[in-house]
Amino acid sequence: MELTLWTYEGPPHVGAMRIATSMEGVHYVLHAPQGDTYADLLFTMIERRGKRPPVTYTTFQARDLGGDTAEMVKTSVREAVERFQPQALLVGESCTAELIQDQPGALASGMGLPIPIVNLELPAYSKKENWGAAETFYQLVRRLLKDQVPPPGTARPGPAPGVRPKVNLLGPSALGFRCRDDVTEVCRLLGEIGVQVSVVAPLGASPADLRRIPEADLNICLYPEVAKPVCDWLKRQFAMPCVYTVPIGIGATRDFLQEVGAALDVDVTMALRPEVVGASDLWSPQLHGGSTERARSRLPWYSRSVDSTYLTGKRVFVFADGTHALAAARIATAELGFELVGLGTYSRESAKLVRAAAKGYGLEALVTDDYLAVEQAISEAAPELVLGTQMERHIAKRLSIPCAVISTPIHVQDVPARYGPQMGWEGANVIFDTWVHPLMMGLEEHLIGMFREDFEFVDGHQSHLHAGGAKPMDSSNSRDVQHPPAPAPVAAVSVGTASTTKTWRWSQEGLAELGKVPFFVRGKVRRNTEAFAQIQGIDLITVDTLYEAKAHYGR
Amino acid sequence: MALIQQSDAAPRSPSPAPGGCGQPLTLLRERGQREVFCGLTSIVWLHRRMPDAFFLVVGSRTCAHLVQSAAGVMIFAEPRFGTAILGERDLAGLADANDELDRVVDQLLSRRPEIRTLFLVGSCPSEVIKLDLANAAQRLSQRHLPRVRVVSYSGSGIETTFTQGEDNALAAMVPLLPRSEAESLLLVGTMADQVEDQFCRLFAQLGLPGVHTLPPRRSTDLPPVGPNTRILLCQPYLSATARALQAQGAQLIAAPYPLGVEGTTAWIQAAAGAFGLTASAVQPHLEAARQRGRKAVARYREQLAGKRLFLLPDSQLEIPLARFLHQECGMVLQEVGTPYLDRLLMAAELEQLPAATISEGQHVDRQLERVRAARPDLVVCGLGLANPLEAEGMATKWSIELVFSPIQGYEQAGDLAELFARPLARRQRLHL
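Those protein sequence lines, which keep their order, are chains A and B. If you read the first sequence in the working numbering, its first letter stands for residue -17, the second for the next number, and so on. If you read the second sequence in the working numbering, its first letter stands for residue 2, the second for the next number, and so on.
Here chain A stands alone, though its shape is the one from the complex (with noise of 0.2 Å):
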């Protein structure tokens, strides 16, 4: 058993829900007791879409466990394929109808149905919901194309002359982090160079399109969650080859054309000319609309530009898919110029390649998909700004510290009604505007920095989001330092969450004077002084222990 107040991932069968929704002609029967339905709202709800989740479930009930629940398996199936006639069907289980073992796949491939059926076994109790919709999409794409097949050590015809090549785009999916707005964006892009996208999969695709996959001339693997297993298959089955970088960021943006350039023989220059993302030009307004002469995107210059110095060395912490946390640690390091305080995933699947990101950054990463480590990562590296999920949202407001969303698990604010992609150059545009946005405006973090009494713009106050001022770290002994009490010469401090009891005693005046600190770097101060303090053997910290360590790490 596993205590987990929030989860980062739902269980298999919501990922092969996400690829079933995902897509046109495709139905699935799934085997699940009353309730199950639940998952129906992810859609409706969430993505707001205005048609049912192409879902039979069987919800079964305790009454029908003493009877026939396989037969309640073959008549959803025999409704479902009349009511809805689908091109190709699914078949699985949930968690509670793993149990009761009714095979409910080979039940329906017994049952003599005209159409491709698609047995999905997805272990409930061990597996989640990206590795669900990964093992969907690979085994839905095998089963339609195993025919097509061609033996093994054929060539692969190049691109024919003359002809603008094809790629296929894969993996955007219901219930993706901006997969809507990033197909668009990535159409845009490729469109500037001369290619053509020939099947979005799985979203919007149907049967008939996963048939067409094997004629484009390369993949592309947007999101490597979902659709990795498939390119690795169809670059093994069908010698295509695949681009597996991810446009997220300047950097990466680039890095993909040159790569898909590259693959498909097609001159990217014009598409990476810096000069047309020069400052001069960003508020001509022929670069708005236009295709070949868009502004690239705002991104460098707004970074580069003077208001933007104050970000330098902010400390963030970033914890996400593989997929985006790999993007956000190279933006907000190269690009936007912070300071990578920690890195970690909660996708097994990207484990190696964040640890050796990680390493990089001179850091451990953390690949966990337990809440409580995540929360304590976080309060121990006490950084300024938090990338994450949902869910790290819960932890920056137990923490007081600002935080943007940048991965799944989502909610209903971040399926917006705008354009807001994450990918190519428009979704470096938002991507700036998102990360900002929660921290403090440079001339209030300066004032707030000198004068501290003021009865409006009080410790830990951003005018530009709320009233109030917020907590700040530790809230547990953050009223000692604000309001340190007055008869006792010194006070006790504990450090850390709850589960780390160590207890610095501070000197009065060393805690007026980490009150002076502005909020949002007050828990590393206080870190560095105590770790400062044990170094040196201090167990009384005074004001003068305060800058001696602030000498001594540098801030």
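Hints listed in this document are in silico derivations from the structure and should not be mistaken for laboratory results. Worth double-checking, as some hints may not be accurate.
[Stated by the list, open to error] Some chain B residues near chain A, calculated using beta-carbon distances under 10 Å:
#, residue
1, Arg35
2, Gly60
3, Arg62
4, Thr84
5, Gly88
6, Thr162
All values reported here derive from a predicted model rather than from experimental measurement. The C-beta atom is built at its ideal place from N, Cα and C for all residues, glycine as well.
Here the structure of chain A is known, so what remains is to put chain B in place on it, guided by the hints.
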């Protein structure tokens, strides 16, 4: 209502049954796919009613995902619910489930020392593998008392539908209630704080003895129960709780539910009657509020009268709602779906229901065919169906909101009507 037909074979086999005012009611029983929540969802409101309680689901990742999808749009500095997710080792019997549960509970209680009552909530997986949570609750209580009391109940989908989760939670609290011989009135079922205050004020005015509530606002303030306790149900879905309280000697007051002016009046009169007050003695205390309530409802009656209404099964509130919307707002009932019909608890409501089809259970695809054929002016349904039906051009009222809104009593009668008038008014406003 002896004549009930199963409709497994034929999609529709209505049968006459005696209804209110001598009019025929038609009861349709269906089985098939049910588009409803499981009882775990009750956690979403119970955690706010009793902030000193924690709800620990023992189940799978699906259960964890359900609760967080429902409540996770709110940002919690301190979560009030969680899941002990079963792993392969638990299923294979490699890990002793009881030891594992003890470890998880210790971990939780050390992180959240302010928890006073811990609910272990059973789920489909824990019920199917027959994990004995009642026993575990007893063991853990011994270990953590007096600081924390541990209680168990089932919120599994195979046994409970949506609000039945609250029924099981309250029924599980009944054995903990202190015994008392004193005369008392126990209001049972979650209501909004202000609604409860209004009723308590009114019952005090009438001079009724010791009014208590279940669930209490603090999980440790448990109301007393005994042979002189009279139970007044505020919610229609409390079958198990009512029977558990009866088993403790308490007496159930038969009444309709306090929805709308008429329902509220009958409900209060039934309670007063149980303590020997006549309707005419009660009347003067109600008159001003009744008038206010009627006036407030009248504003929406204009928009609702004559409109055809179709309710899909969700919370068991459907029958009292249909009664109110017909009786006081003039709506025409097409079908009233309920996930489960307890004829004892619904008797006073059924007497007043006009001729209409009541359906118990669900075959969602067939029911949607009936919705499309009937073309109602308003469909009351869950969120899984609401947007899809709107996209088909039908006005919907999502039913879950009725469990999350103050709707009982005179002062809320207008608000209740407004909830149904709002989607219709919105359609008139928007020109898109």
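Hints, one by one, checked against the model:
no., hint, verdict
1, Arg35, "holds (5 Å)"
2, Gly60, "holds (8 Å)"
3, Arg62, "holds (4 Å)"
4, Thr84, "holds (5 Å)"
5, Gly88, "holds (6 Å)"
6, Thr162, "holds (7 Å)"
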